[in-house]
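Visitor: Chain residues, written in single-letter form:
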Amino acid sequence: MQQSAPAKPASETAPAAPATLSAAPRFRAAHVAVPFLLFTLFAILPAFAQFGAEGYILSLVMRVMIFAIAAMSLDLILGYGAMVSFGHAAFIGIGAYGAGILMRHTVDDFFIQLGAALGASALFALATGALSLRTKGVYFIMITLAFGQMGFFFFVSLAAYGGDDGMTLRTTPQIFGQDWLAHRHFLYYLIFACMLGVYFLLRAIVRSRFGRVLRGAKENPVRMQAIGFSPYRFQLAAYVIAGTICGLAGFLLAHQTEFIAPAFMTWQRSGELIVMVVLGGMGTLHGAIIGAAAFLILEEMLSRITQDWKLIFGPFLVLVALFARGGIMGFLRRWGLK
Amino acid sequence: MSMALQLRNLRKSFGALKVTDDVSLDVARGELHAIIGPNGAGKTTLIHQISGIAASDDGRILFEGEDVTALAMHQRVVRGLARSFQITSILPGFTALENVAMAVQAREGTSFSFFGDPAREEALTAPAMEALAIVNLEARADIPSGELSHGEKRQLELAIALATQPKMLLLDEPLAGTGREESERVVATLKSLKGHYTILLIEHDMEAVFALADRVSVLVYGRIIASGPPDQVRADPEVRKAYLGEEA
Amino acid sequence: MYTTLIAVQTLNGLQLGIILFLIAAGLTLVFGVMDFINLAHGVQYMVGAYFAFTFTALTGSFTLGLLLALPAALIVGLILEVLVFRHLYDRDHLEQVLATFGIILFLNQGVKVVWGASPLYVPVPELLQGSIQIFEGFFYPIYRLAIIGAGLGVAALLYFLVSYTRAGMLVRAGATNARMVSALGIDIRRLFMVVFGFGAMLAGFAGAMVAPILSVEPGMGDNLLILAFVVIVIGGIGSIRGAFIAALLIGLVDTLGRGFATDILRLVMDPSAASQTGRAIAPMLIYILMALVLIFRPSGLFPVKR
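Chains as they are written, first to last, in our numbering: chain A, 509 to 846; chain B, 2 to 249; chain C, 157 to 462.
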């Protein structure tokens, strides 16, 4: 864990004090310029999408943004809190079913659905987090996996809502009684706004007093106790925040795909979320966005070249794990932004 | 004289090995009490038990008259019992100032605050700078603590402990691994702290111990074999045989 | 009649437990000795089943097919160890997850390319076909009994190896304190490789054994992997004995739960509610069990590491 301390790369190449000082602003520049570029790209993309296969491009990018939200929420606990959750996709499912079940019962107000989805996610996170955080390390990974599987099988058993196969959402929810969500561009910018909001919210959180304690507990939990902190409460709060935000991603995913299914929350999905975060570079937030984009776009591109795209994608992940420490952001830091 | 710390029949075993064997000890308020003993005598384990990292098998720990035996480490810290570590334990990714500010934050206001930049909070940085000043690290405040020299890290440990506003300091070999010049600086710092805080000091450096301590206890194989003013302990025949004799 | 059903389900549960143990044994050692999270352990089970299919078809004999599948599974395991895993032993758990996740994708797709996507079937060996009457009115397939027998045999062998051989002693010591073992001057890399190859072979053996009773298909190891993780966590990471007990426990709880949850709930609920709840709870039982174990014993039932 200590190897991933953010200050390390600079000190490895330049032991002298002046060099490290100049490394700091460069580091900060990457943290401003990269997200700015990213968000600009997402903002103007619909204007250019009309020159290509518009529907296809927009839905791919919406998917990217939704998973970016999920990946950022995982990054909060994984990258800043060292809590490796292997059941994070459960919250995608809970958020999606929160929307879908209400829709099925003709509750089609957007805000009621959103409240239900976020509330259910927060409650599930509170209950499972309170228990999971009693364990450490590998056992934490496994107990979160167990809770994720429980959620999966719970929704599989709900025959009334499609069981294994899931169900299609035939209508869109109403915002102030209006049918705005039926417009693709409205949905696009709604998702964009959510992503932006989540990014700035999480960025504020990790820099706040709370975030400091969380990051401190990641680096050295014993030291934090030795100055009077009990990491448990902070980790639990972070776990609930992350679960709730991931529930938001699930809620958006349900309305974007107009479909919900237990397949949203398999353990492989949880694994993919981890891959996105690690691929982009843990503990940077915008790295999670880049990771989600890289994962989904690569998947999309490779699957157009060959239906056996996993034969390429699998070894690619192995190579990333072996050689690209710190993921794509770490790679950029070492080479691109020198 | 009122007691800051009272240990009563403290015990701890790892399997068959008795690491702490019926230790009872009183440390008076304002006193600098040193514990010496050969390697493997159980000094660090004793500090772990007092600070709360390790649970005791038996016995009681009273701090300022309150029984803290069952409390977790962070609860003991809040009551004013701070410690440093023999093997440097800092937050390497944070600057020296942030390390100390974190300790200030632990007692100052709430940490369930999700917005705002703590680096700009005077209430955190000002006391942190004061603590850094005590150990002469103000000039290094903005350096990531992982890049500090070994001696500076030892000083930083001390500053972190001070920033928790303790009543008592448990110092586990603050001179460990420091060079001559650095160790002189640490000894000077300890001298300046003496009298302001109750201090329990574990140290190998005999010269430093006998120069600083009001009282000295000798720990051998988990038992305290002698306790008293430095000169008396130095003269104790049993101590000479068990410990000082080895050194000479 | 009901006794027969219980007896059948109990034996089915034991059989699942034995298979789980064969997979979990390697996983728990790799985990305990090397502190390595190997998500790709499930695909090694799958690969074993595919090898059994091919070699049985080639030789016309399941016994020969099984005997050839073992070294083949071992070789695949060793190739993965040399190419990927050994570079990740002292890395972060997350990087191990990333790499082994990639291997899952690769091998699941790989078998699809080589053997096709549709399920394959391996005939039950002639000698072990049919059922045997265990008591009046209760018949049970011989082959399934053979699986239980073979699994118990391997468990006994494993127990002997770990308890009484030098390599086994090193493995036990390594699970408790890896640094100490390397301090003794043992070539820890070679020990890791042996443990790893052995674990891969056990998983392959499990896959080959179930090939005649399950369909051999891509992704068949994915769910087994998760079950094996549940087993080693309940048993205590690094503990063979814990893995054995937990594997049987999980096998029985899962099988009997799916078989009888609804019936049991019917005693306290009305039938339709019972069947709805039973269907929901049965597949969750083992995860509930695991969560309970971890809440009360955060290091599993038989913790090895101090």
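Since the hints were derived computationally from the structure, they do not count as laboratory data.
Heads up, some of the hints might be wrong.
Stretches of chain A that chain C covers, calculated by requiring three or more beta carbons in the stretch to come under 8 Å of a beta carbon on chain C [as the list claims (entries may be wrong)]: (1) 648-662; (2) 739-748; (3) 821-827.
Since the structure is predicted, the reported quantities are computational estimates derived from the model, not experimental observations.
All C-beta atoms in this analysis are idealised placements derived from N, C-alpha and C, irrespective of residue type, glycine included.
Visitor: The structure should be examined with respect to each hint, and the outcome stated for every one.
Guide: Against the structure, the hints:
Coverage of the segment 648-662 of chain A by chain C holds. Counting CB-CB distances below 8 Å, 10 residues qualify, and the rule asks for three or more. Using a Cβ-Cβ cut-off of 8 Å, 0 residues of the segment 739-748 of chain A lie near chain C, which falls short of the minimum of three, so the contact claim is violated. Remark: the segment 821-827 of chain A is confirmed as covered by chain C, as 6 of its residues place a Cβ nearer than 8 Å to a Cβ of that chain, reaching the required three.
In this structure, the one hint that does not hold is number 2.
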